[in-house]
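> Take the given structure of chain A and dock chain B to it, following the hints.
Protein chains in written order, with our numbering: chain A, 1 to 801; chain B, 1 to 243.
Bear in mind the hints are in silico, worked out from the structure with no lab data behind them.
Keep in mind the model is a prediction, meaning the values are calculated, not measured.
Take these hints with a grain of salt, some might be off.
Unchecked claim - To give an idea of the interface, some chain B residues facing chain A are shown, with a C-beta separation under 10 Å as derived from the structure: (1) G6; (2) I64; (3) L68; (4) G71; (5) V80; (6) R81; (7) G82; (8) E84; (9) P119; (10) F131.
Claimed, not checked - Derived contacts from chain A toward chain B, CB cut-off under 7 Å, selection only: (11) P112; (12) V113; (13) F222; (14) R225.
We put the CB at the ideal spot given by N, CA and C, even for glycine.
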Amino acid sequence: MTATEPTEATTGIPFTLNGKAMEAKPGEMLIDACERNGEHIPRFCYHPRMKPVGMCRMCLVEVDTGRGPGLQPSCMLTVSPDMVVNTESESTKQAQDGILELTLINHPLDCPVCDKGGECPLQDNAYSYGPGESRFVEEKRHYEKPIPISDLVYLDRERCILCDRCTRFADEVAGDPLIHFMDRGAQTQVNTFPDHPFSSYFSGNTVQICPVGALTAQPYRFKARPWDLAEIESTSTVDSTGARIVLQSSGDRLVRVLGVDSEAVNWSWLSDKDRFGYEANDSENRLTDAMIDNGEGLEPARWTDAARKVATALAAGPDRTGVIGGARLPLEGQYAWAKLLRQHAQIQNIDAQLGDGLPAQVMAGLPKATIAEATAAGGVVVLLGVDAKEELPSLFLRLRHAAVEDGASLIELTPRTTGLAPHAAVSAHPVPGTVGTVVAALADGNLDQAVGGVEPATLSAMADLLGSDRPVTIVVGRGNLAESADFTVDALAAFARLVPSARYLSGLRRGNVHGALAMGLSPGAVDGLDTEGILRGAATGKIDTIVLLGADPLADFPDRALAERALERVDNIIAVDTFLTESGENADVVLPAAGFGEVDGSFVNLEGRLSPLQAKVTPPGQARADWMIAAEVAAATGSDLGFISLEELRADLSASVSDFASVDWDGLATSDDGPVVVTTGDAPDFGDPVVAPSSDGYGLRLVVDRKLWDLGTMVQQSPSLANLPAEATLALSPSDFSGLGITDGTDVTVETRAGSFTVPARADAGVPKGAAHIPFRLPGFDAGSLIDAGVAISEIRVTVG
Amino acid sequence: MGYLEGFAVTFKKWGEGVTTKEYRAGKTNRKGEISDKDQKAPKPPRAHGRHVLNRYEDGMEKCIGCELCAGVCPAKCIYVRGAENDPEDPKSPGERFGFVYEINYLRCIHCDLCVEACPTEAITESKLFEFSFLNREDAIYTKNELLVGDDGLPQHLPWEDWRPGEDEHTSGWMRATAPAGKASYENSAAWSGELGYGVRAPEVGQDNPEDQVVEAVEADLDAHGAHEHGAHEHGAHEQGGHH
Chain A
1 MTATEPTEAT TGIPFTLNGK AMEAKPGEML IDACERNGEH IPRFCYHPRM
51 KPVGMCRMCL VEVDTGRGPG LQPSCMLTVS PDMVVNTESE STKQAQDGIL
101 ELTLINHPLD CPVCDKGGEC PLQDNAYSYG PGESRFVEEK RHYEKPIPIS
151 DLVYLDRERC ILCDRCTRFA DEVAGDPLIH FMDRGAQTQV NTFPDHPFSS
201 YFSGNTVQIC PVGALTAQPY RFKARPWDLA EIESTSTVDS TGARIVLQSS
251 GDRLVRVLGV DSEAVNWSWL SDKDRFGYEA NDSENRLTDA MIDNGEGLEP
301 ARWTDAARKV ATALAAGPDR TGVIGGARLP LEGQYAWAKL LRQHAQIQNI
351 DAQLGDGLPA QVMAGLPKAT IAEATAAGGV VVLLGVDAKE ELPSLFLRLR
401 HAAVEDGASL IELTPRTTGL APHAAVSAHP VPGTVGTVVA ALADGNLDQA
451 VGGVEPATLS AMADLLGSDR PVTIVVGRGN LAESADFTVD ALAAFARLVP
501 SARYLSGLRR GNVHGALAMG LSPGAVDGLD TEGILRGAAT GKIDTIVLLG
551 ADPLADFPDR ALAERALERV DNIIAVDTFL TESGENADVV LPAAGFGEVD
601 GSFVNLEGRL SPLQAKVTPP GQARADWMIA AEVAAATGSD LGFISLEELR
651 ADLSASVSDF ASVDWDGLAT SDDGPVVVTT GDAPDFGDPV VAPSSDGYGL
701 RLVVDRKLWD LGTMVQQSPS LANLPAEATL ALSPSDFSGL GITDGTDVTV
751 ETRAGSFTVP ARADAGVPKG AAHIPFRLPG FDAGSLIDAG VAISEIRVTV
801 G
Chain B
1 MGYLEGFAVT FKKWGEGVTT KEYRAGKTNR KGEISDKDQK APKPPRAHGR
51 HVLNRYEDGM EKCIGCELCA GVCPAKCIYV RGAENDPEDP KSPGERFGFV
101 YEINYLRCIH CDLCVEACPT EAITESKLFE FSFLNREDAI YTKNELLVGD
151 DGLPQHLPWE DWRPGEDEHT SGWMRATAPA GKASYENSAA WSGELGYGVR
201 APEVGQDNPE DQVVEAVEAD LDAHGAHEHG AHEHGAHEQG GHH
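One chain only, chain B, in its complex shape:
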């Protein structure tokens, strides 16, 4: 018999249907046009993706160049150097700002330890993982790429597939968790405001995690269609057929 036993397993599973989900985003039809089915699959609220460096509501950078993220990074993919703020034209509140900030996405494993370590909520992760590069230089994101723009929105690089509303999740992980896992912190906002968003609302509690994931994702998806994010234009998002 031998190899036939292996085939038997294959044939038995034949009719059971697909258990993995097809990822549709970016799919084109035969004419090369983006098809109607071009939708990203929903992601759990705590999905880890491409980082952003946040600003306070007054436009100041949150990063103070403390290098805690670089120190904790298990992949050693973050390089940070601090420098002294010019008192006349400070980049961040206080004495020190992040002078150099680089993340090498060829190494990053999106573990989010940098986000946990950050004392100022400067570095957070979006859910965006739909990005790839054609050379190594592009893979190293510097402060120019990571820092949110003057409107508080993340930079949209040519090789990144941002969709409308995804900027809402640039600090989702922070808001979904309670510090030290204590339930008493749930639903209270223990974070500072961000440029373009203000103090973001806490995500719902964590009483029943299984339900929460599905509900949160569905709520997100609904929100995208209806919710216009302030007065901001989402130019780079227009490629999707989601509107």
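So here's chain A without its partners, still in its complex pose:
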């Protein structure tokens, strides 16, 4: 340590490693300190993102703390001053030999058929530190070869070395303790509880961290061997958290996605949707050709003809054209399309959100927090509407860790109970239409009487937490599609009064929606229509052309009836997408776009953090990058976007969007975190508070939210995921439910203004009294048919029979 680094010298803990003086950080585990100082200690059970357990004993090293040298597990030992460590001593080597020989007693030598073979820590350690030969000649223990412990994960108990990684992950990190050690002694095995599969949204992580091939992923099973794989780092576009990933391909096909340990974002964990959604890339339903409807349905056509037809349709005039979508696109595609639409075609009616988000100008103006700031130790986090587990699972893990390990207090202010409810300090579930008044009551200090079904005690508990001097972060999303976004905006306005220092984390869930908003794919400030306005205009003949940029309003716009009317009436529909969606089938021109993992680009996550999207495989057929499609359409209109390469586009982007002025585009791929570039915009205009229409007392206010597994295109086009969505059921509060005098699962009749429907109902204590909950886009029942975008709150009546 030189004198030029005084801070480290004073805080470091001196210890001796193999005769050399080293320094550890305070509280650092010996195994980490050695690793950092260039001495790798073999291990199986230790994982830097989980608590150490000392199960495998592989990391035994000779340690002398003044009482003579002895073997100690380096993963369980914090470095103490003047510790003398020898990782190369005779006794360390003997311990490593012995542990490996013991570990291999029962481990089958089926490496050639094992998916882990070739990248297996047990193979590597046995090769590097093992004795080379075994003295054991006895029969190994036998279990039924792989048993499915969930729809996505297989367990081979013969291969398991009982390191406790998967079980610790399920319990500590995911909060789904559904796998556990069973039996004792030599019979110890990992298994699920009877009749309870390991149905966790995060089950794929156990496959990634398994140090042997005991856990294998069904989608990757026997698809390739490690030496087949070529890989590149990228970002998951499944949701707006932007989890960092590695894309691995074999033979120009994506075969596996692994999590990357990004300190800022996902800490190496992924949801199963991030991990297995790549399967949709290979779907046979991918769009491969430009198509034109020649009067007898869509037929493959030449690109130039299709681009010319798009140019003609866009000439309908800026007022008579609406553009929906853009969140699927990489940032560069969004910029090119925004430039084409706004500057060249003068279109103002653009909306990247499909009526299921929050106003762009409000979101842009909220003071931003990063995930790290939101989850910092000792903070208060308000979950305003957002159900992180279902919508933003990677963020959920960070929030859960903050609440469970770091003493953050969660306030759940959502339409119904969410995945974070078990860890919330306070849970309040206001009836739809009242969240704004609830927060206003907190801001005004009216804590004496219940508001929106929230009891005074709950209000006081929230006020106490928010009134403390702890930093407050508000994670805001659209928790209820059947309720106008204005109520959430009211709540934000009240929070701005209540906690002026609060910072905000966007919970808008859809892919690269934050990139789209940064690039201006949002309604123009002057008379720009949002998606609802565009669809309403189309339904009434005021809009002639609708451009769908990777959007499927029939599926994703909350009010299905309005979307149907609009797409039926409108003259021209132009779809730019990776799949032919239900809405796209009505299109006049379809342009095939290259999808995830097929083009280079960038991604802006919910913090405003920029991270790379990198191409690993070739786009199918004639599909091409979205920015190229925009450039081609511009050329067909006789103009020029001013760039013909990604580099030129990025230079243009940096020159025109101030937040991106100093971005080092080439350096993005080499950083696991990526810079936060999107800054807070002008102070938001919250508008006047809306008044919730009074209920007639008979109806139930509808709560429609999203589940991770739904009928969305990506899930449905991934063979391993397609069957995961559960059947839709209508959930009522126990008191409302008991009034019906039926049992769980009984069909009830739901009456709305649009008609009456039949759906099975059940009681759910997480639903507030006076509300009825049904998830969006699940098989069995289309909740979109219950929603009326024209009213602030959709109400239903539930009767038996």
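Coordinates of chain B only, in the frame set by chain A:
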């Protein structure tokens, strides 16, 4: 002088006789008939030729699709993909079988590293090198061509010159070597049985390599005349005048 020195070497060597051997197999006489002299020259026991994919004695495929052969191949001529066995109708013992197996003989250099890498003795080499193709597709042998038939015999493709008894050498290399070169393994059978042959006998030891080659080759040649391989018919072998 100049070029005359070169001629001098030629003339000096004139009377010394032929040092290379004429390869006679497939030779025809003037009438276009295969001549009596149509004999393949003897090959050393470890000659590397066209591959075969073996089966166990119960007919199961030995290949488990592990791709180690493809991974080790210096010419990158092997393409393998594994797939999951149907538990009701498994192709190989265990969970995985070789779903695709292709060798591109335009690239293969017959180094036998694939044979060394194979954990199940599924891929071995025969001594057959008398094969050639008229197009590139024929040069890519798939599982159909490589896998031994239901009788355990290698497939005989139209452009391959198999002779009676040559199927005996389809795993000769395996049996001629001792793992890791340790003498203590000599003469012990450390390999699994094969369909049609059972557990093949180890080849003789390697004490005096120079003698062994000649003896082994002569023993092979003798064996061909007398030895009828089980009840199998060697239809494609009949062209030779060796019987």
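> All the hints need checking, so say for each whether the structure fits it.
Against the structure, the hints come out as follows:
{"no.": "1", "hint": "G6", "verdict": "51 Å, violated"}
{"no.": "2", "hint": "I64", "verdict": "5 Å, holds"}
{"no.": "3", "hint": "L68", "verdict": "6 Å, holds"}
{"no.": "4", "hint": "G71", "verdict": "5 Å, holds"}
{"no.": "5", "hint": "V80", "verdict": "9 Å, holds"}
{"no.": "6", "hint": "R81", "verdict": "8 Å, holds"}
{"no.": "7", "hint": "G82", "verdict": "4 Å, holds"}
{"no.": "8", "hint": "E84", "verdict": "6 Å, holds"}
{"no.": "9", "hint": "P119", "verdict": "5 Å, holds"}
{"no.": "10", "hint": "F131", "verdict": "28 Å, violated"}
{"no.": "11", "hint": "P112", "verdict": "4 Å, holds"}
{"no.": "12", "hint": "V113", "verdict": "4 Å, holds"}
{"no.": "13", "hint": "F222", "verdict": "4 Å, holds"}
{"no.": "14", "hint": "R225", "verdict": "5 Å, holds"}
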